[in-house]
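For reference, the chains in residue letters:
2 protein chains.
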Amino acid sequence: MNKRLNIAEVAKAAGVSTATVSRVLNEKPFVRENTRRKVLRVIDKTNYRVNAVARNLRRKKTHSIGIIISNVLSPFYSVIAKAVEDVALCNNFSMVLCNGGDKPKKERRYLQVLFENRVDGIIISPTGENADYLKLLLSSGIAVCLIDRKVSGMVCDSVMVNNREASKEAVAHLLERGYRRIGLISGPKERTTGYLRMAGYLDAHKEYGIPPQERFIRYGDFSLESGRKNAALLLCESDLDALYVANTDMAMGAYGLLKERGVVIPDDMGFVMFDDPDWTRLVTPKLTAVSQPVYELGSTAAKMLFRRLQMPPDYVKTDTVQTVLNAKLVRRGSV
Amino acid sequence: MNKRLNIAEVAKAAGVSTATVSRVLNEKPFVRENTRRKVLRVIDKTNYRVNAVARNLRRKKTHSIGIIISNVLSPFYSVIAKAVEDVALCNNFSMVLCNGGDKPKKERRYLQVLFENRVDGIIISPTGENADYLKLLLSSGIAVCLIDRKVSGMVCDSVMVNNREASKEAVAHLLERGYRRIGLISGPKERTTGYLRMAGYLDAHKEYGIPPQERFIRYGDFSLESGRKNAALLLCESDLDALYVANTDMAMGAYGLLKERGVVIPDDMGFVMFDDPDWTRLVTPKLTAVSQPVYELGSTAAKMLFRRLQMPPDYVKTDTVQTVLNAKLVRRGSV
DNA sequence: GTGAAAGCGCTAACAA
DNA sequence: TTGTTAGCGCTTTCAC
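For the record, the sequence lines run as chains A and B. Counted the way this note's numbering counts, the first sequence spans residues 844 to 1178. Counted the way this note's numbering counts, the second sequence spans residues 844 to 1178.
Derived from the structure by calculation, the hints contain no laboratory data. Values in this document were obtained by computation on a predicted structure and should not be read as measured data. Hints are not guaranteed to be accurate.
Each pair may be met inside one copy or between any two copies, as identical chains are not told apart.
Below, a list of computed lysine-lysine pairs in the BS3-like style, where the Cα atoms sit at most 25 Å apart [unchecked claim]:
| no. | residue 1 | residue 2 |
| --- | --- | --- |
| 1 | K871 | K888 |
| 2 | K903 | K888 |
| 3 | K993 | K978 |
| 4 | K949 | K888 |
| 5 | K1102 | K1129 |
| 6 | K978 | K888 |
| 7 | K948 | K888 |
| 8 | K1171 | K1032 |
| 9 | K888 | K1171 |
| 10 | K1102 | K904 |
| 11 | K881 | K855 |
| 12 | K948 | K1032 |
| 13 | K948 | K978 |
| 14 | K1072 | K1129 |
| 15 | K946 | K1072 |
When you get a sec, could you build the whole thing from the sequences and use the hints?
Here it is, written out as structure tokens:
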């Protein structure tokens, strides 16, 4: 293994001081063009690259952010991860990706890791159960931006979607088309997305004067498996005439099950899902779905984070900002 | 913003030296149980967390790895990212995710970033065009493991799939079922996966004594858009009777186009794709596809990397190891 | 068992 | 315009 170069050796080779090399490296002014070239030549010849670890220690900034999402495997979160990374790249930041799996313990562990590594900021789609730790990070100077979900008792920047209204619109559409016994596969009530989308389901029923029935509502955990399982359970209610699923992953699970069971959409059953990944347009008929601006969700969160990171440290923090993006129903052939 | 604690303040509060705190932090022996508890109490009370940046500088190890893939949005690469992260977590490493977008320049930039940040190792699905830089990293002590694709002229650890054989099997299946004018949407010839899967297509034709025709072969760049575009082009050959697409993303693009054009599978046209993401089982009919052990591809690469990282630094490097995993054809209803 | 102190590689006063 | 030098926060000899 080659000995790794450091700034001192570059300085010696170029016949200047480390300070000068550092100035060249950081494109600081007050370096004579001549010396600059001399230094650059050595750097080029030796393939020297600054040690960012040392630099970060000295500067007390790491130029990196962490992102904690439930699962990159989900088309929803992978788009968010991509959006965040795109913005990070523009700002010359690197991104540490963490799959929290919607597990509070795993989430907490990752928060610790990110803290220890002194990331400058964190974007998180939170489980909601680590408010204390998140507050600790915030108070020790790490910027935090919540995405997709809130944490009760936390005030900080956030980007959400109009879950309740969009969900109501979806269910109202079903009701309008004459469906009356609409199964709901909801997320956990404790997550804001779980609660609000269910509330929207209820809102629509109220508007149409149809009393919702307990037996048509099931709670999953947003995972593909729970979508399958709860779809199977709902199918036991033989008078069910439509299915509304509250997120991408559960919808994929539920749809797969329906297909296996030979349920024909929309003849046997209407189908609507919250979120609209690519595959909804590949199947027949194409699926009616609530389309969220997923990429914007991610890029907006990232931009908000960077805006905050750019505020001078001694600047009196402005109020937190809560952004709400609009999701809307896309009517296709499954209703 | 709270002042951020450091080890000295913890030491003072506990009435010991920084060395002792460090020993406790790192669970080193030779600390009296009593002092240990005293220190832990302070740590707990103050929420102190080591500064990993300083630790990394001192230890000359960052406990982090980088992964460069084409695009997390692809079901293929997101599974790999997840697999790598799972293994990294087990080893208490963090993972920096980079979407190289199959662009040599972007890839190079990320390689530089990872180098500057002194990641301990890199897993990369390479474009093939930065052999020089990859060698530089290798020679400066960063472990590298290639995944899915090779780089000509580089010897290092790698995990591949039996592209040529699996591809041949897929096309042979088509031929066996009587298809004779099989369109191929290939990847770029310069990527190993592009070249080898095309070679498999040719092999199968040779085995069946059918001369392959130029007009049925098109080269995409592995992206969804290029799949669409080339499918449209191939559809101009009106006697085409089957389509074989060489990766996930192009297949999704091509399939979408076929659907839009009202092409009925398999009545109008047979369809086979290399790689087998979830959605192949959601559409009707289910798609015949070459199933790769994608998760294993990622976890194997990660394990190989960690094995290498655990080798003592003065240890004479063992030979590089090339792992080949088996992909196999899954026959479903699209042929 | 514990502490003092050197030093990882860099940046940023401050001096010249 | 350039150099000297003091740390950033930690780990790790080496002494005691």
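Hints, one by one, checked against the model:
For the homomeric pair K871 and K888, the shortest alpha-carbon distance inside one copy (21 Å) is at most 25 Å, but the shortest distance between copies (42 Å) is not. Within a single copy, K903 and K888 get their C-alpha atoms only as close as 30 Å, which misses the 25 Å cut-off; across copies the closest is 24 Å, which meets it. For a Cα distance limit of 25 Å, the shortest separation of K993 from K978 inside one copy, 13 Å, qualifies, whereas the shortest one across copies, 46 Å, does not. Within a single copy, K949 and K888 get their C-alpha atoms only as close as 45 Å, which misses the 25 Å cut-off; across copies the closest is 22 Å, which meets it.
For the identical chains of this complex, K1102 and K1129 are neighbours both inside a copy (14 Å) and across copies (11 Å), given an alpha-carbon limit of 25 Å. With identical chains, the CA atoms of K978 and K888 are at most 25 Å apart between copies only, with a shortest distance of 16 Å across copies and 47 Å within one. With identical chains, the CA atoms of K948 and K888 are at most 25 Å apart between copies only, with a shortest distance of 20 Å across copies and 48 Å within one. Taking the shortest alpha-carbon separations for K1171 and K1032, only the intra-copy value of 22 Å comes in at or below 25 Å, while the best inter-copy value is 42 Å.
With identical chains, the CA atoms of K888 and K1171 are never at most 25 Å apart, being 56 Å at best within one copy and 48 Å at best between copies. Proximity of K1102 and K904 under a CA criterion of 25 Å is satisfied in neither setting, with 52 Å inside one chain copy and 51 Å between copies. Taking the closest pair of Cα atoms, K881 and K855 come within 25 Å of each other only inside a single copy of the chain (12 Å); across copies the shortest separation is 47 Å, beyond that limit. In this assembly of identical chains, K948 and K1032 lie within 25 Å of each other by CA distance solely inside one copy; the values are 19 Å within and 46 Å between copies.
Taking the shortest alpha-carbon separations for K948 and K978, only the intra-copy value of 16 Å comes in at or below 25 Å, while the best inter-copy value is 40 Å. Taking the shortest Cα distances, K1072 and K1129 sit within 25 Å of each other both inside one copy (23 Å) and across copies (21 Å). For the identical chains of this complex, K946 and K1072 are intra-copy neighbours only, at 20 Å inside a copy versus 41 Å across copies, given an alpha-carbon limit of 25 Å.
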